[in-house]
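Chemist: Sequence:
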Amino acid sequence: MDVAGKTAVVTGGGSGIGRAIARALAAGGCNVGVADVEREAAERAAAEIEREGVVARAYEVDVTSDAGVEALAERSFRDFGSVEILVNNAGVSSKPGPLLESAASDFDWVFGVNVRGMLSGIRAFGGRFARSGNPSWIVNTGSEHCLGVPHLHSGLYTASKHAVLGLSAVLRGELPDHVGVSVLCPGLVDTGIWRSSERRPQRFGGAAEANPAAAAVMKLGMPPAEVATRVVDAIRDETFYIVSHSHVVEIARRRWEEVAAAFEAQAPRRDGDEQYSMERIMAGFAAAR
2 MDVAGKTAVV
12 TGGGSGIGRA
22 IARALAAGGC
32 NVGVADVERE
42 AAERAAAEIE
52 REGVVARAYE
62 VDVTSDAGVE
72 ALAERSFRDF
82 GSVEILVNNA
92 GVSSKPGPLL
102 ESAASDFDWV
112 FGVNVRGMLS
122 GIRAFGGRFA
132 RSGNPSWIVN
142 TGSEHCLGVP
152 HLHSGLYTAS
162 KHAVLGLSAV
172 LRGELPDHVG
182 VSVLCPGLVD
192 TGIWRSSERR
202 PQRFGGAAEA
212 NPAAAAVMKL
222 GMPPAEVATR
232 VVDAIRDETF
242 YIVSHSHVVE
252 IARRRWEEVA
262 AAFEAQAPRR
272 DGDEQYSMER
282 IMAGFAAAR
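Quick note: the sequence shown uses the working numbering, first residue 2, plus one each step.
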């Protein structure tokens with residue numbers, strides 16, 4: 002799908018990967034609504050984007066609020082006349098540590114932003130895309146954590162990103178053909194996500210000191226602009242998986258090899274083993290109707 006002349010809304014667009022995606026879309030001739038929980042960051046990014054000669058608007062939104070995301074959809078469609086691309090990019094990460102030491106408030110916050118916030122965007126924008134009949138696209142920002150476990154002590158983040166992949170995979174099968182879906186699965190990127198805890202709302206336990214060691218790690222990551230280029234290319238090429246770090250294939254391969262070995266040892270393929278296949282059973286029900 003060509004992005005030129007289209008309009009995109011990017012959540013978490015005030016910084017990091019979101020800001021880079023917004024700028025890359027604008028460079029391709031796409032108008033952009035920059036949505037972020039920090040209004041000033043959204044306004045700065047929108048001002049930068051307008052220098053590309055496209056229309057840009059800044060929106061303040063907390064994606065953990067269903068009503069807030071619905072209001073974002075209403076306002077952006079009203080301001081631009083139409084929206085064809087949603088980049089569900091807002092995301093947070095709690096302070097690293099063992100799962101046994103994680104708090105319920107950490108879970109509520111990480112899943113509230115990374116999963117429920119994404120689902121709110123899917124409902125608010127995806128429903129409008131489906132009804133419009135116009136070619137449209139949804140990009141959901143996941144992580145290398147979608148594909149396996151690159152490292153320990155980020156269990157809640159990893160689980161939330163597995164959920165992002167699951168939502169995206171189901172969504173692309175449920176939406177009408179004119180609405181496409183991509184899931185972005187980057188590795189280490191130089192962003193400020195390590196400071197997420199400093200801005201955690203009180204209802205999720207309040208602000209917490211970020212781990213300064215994480216800053217040094219993140220600085221070694223890929224520049225966000227490189228990831229953003231792949232996102233725009235994937236929308237144009239209508240690609241589901243968006244990957245950026247070639248070594249991450251080994252994370253995915255380790256997982257698949259362990260899964261394949263488990264099946265070979267415990268449940269190898271045999272004639273007639275489709276008896277309990279949900280895919281086959283559901284297809285049979287559909288054909289009978």
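Just to be clear, a hint being listed does not mean it is correct.
As the list claims (entries may be wrong) - Simulated pairs of lysine to any residue, SDA-like, Cα-Cα distance not exceeding 20 Å:
#, residue 1, residue 2
1, Lys220, Ser16
2, Lys96, Glu280
3, Lys96, Val218
4, Lys96, Ser106
5, Lys220, Ala268
6, Lys220, Met283
7, Lys220, Glu210
8, Lys96, His154
9, Lys96, Asp109
10, Lys96, Ile194
11, Lys96, Ala160
12, Lys96, Glu199
13, Lys96, Val250
14, Lys96, Ala215
15, Lys96, Glu210
16, Lys96, Ala266
17, Lys220, Asp67
18, Lys96, Phe264
19, Lys96, Leu153
20, Lys96, Pro151
What the hints assert, rightly or not - Listed next, with one range per pair, are the computed distances between beta-carbon atoms:
#, residue 1, residue 2, range
21, Glu39, Arg173, 28 to 38 Å
22, Arg124, Thr240, 20 to 30 Å
23, Asp67, Tyr277, 20 to 30 Å
24, Arg173, Glu75, 22 to 32 Å
25, Arg52, Tyr277, 54 to 64 Å
26, Arg52, Ala216, 36 to 46 Å
27, Ala131, Asp67, 17 to 27 Å
28, Gly285, Tyr242, 22 to 32 Å
29, Ala5, Met279, 34 to 44 Å
30, Ala68, Ala209, 21 to 31 Å
31, Gly273, Ser106, 35 to 45 Å
Hints listed in this document are in silico derivations from the structure and should not be mistaken for laboratory results. For glycine and all other residues, C-beta sits at the position ideal for the given N, C-alpha and C.
Chemist: Looking at the structure, which of the earlier hints fail to hold?
Modeler: Those not satisfied are hints 2, 5, 6, 13, 16, 17, 18, 23, 26, 31.
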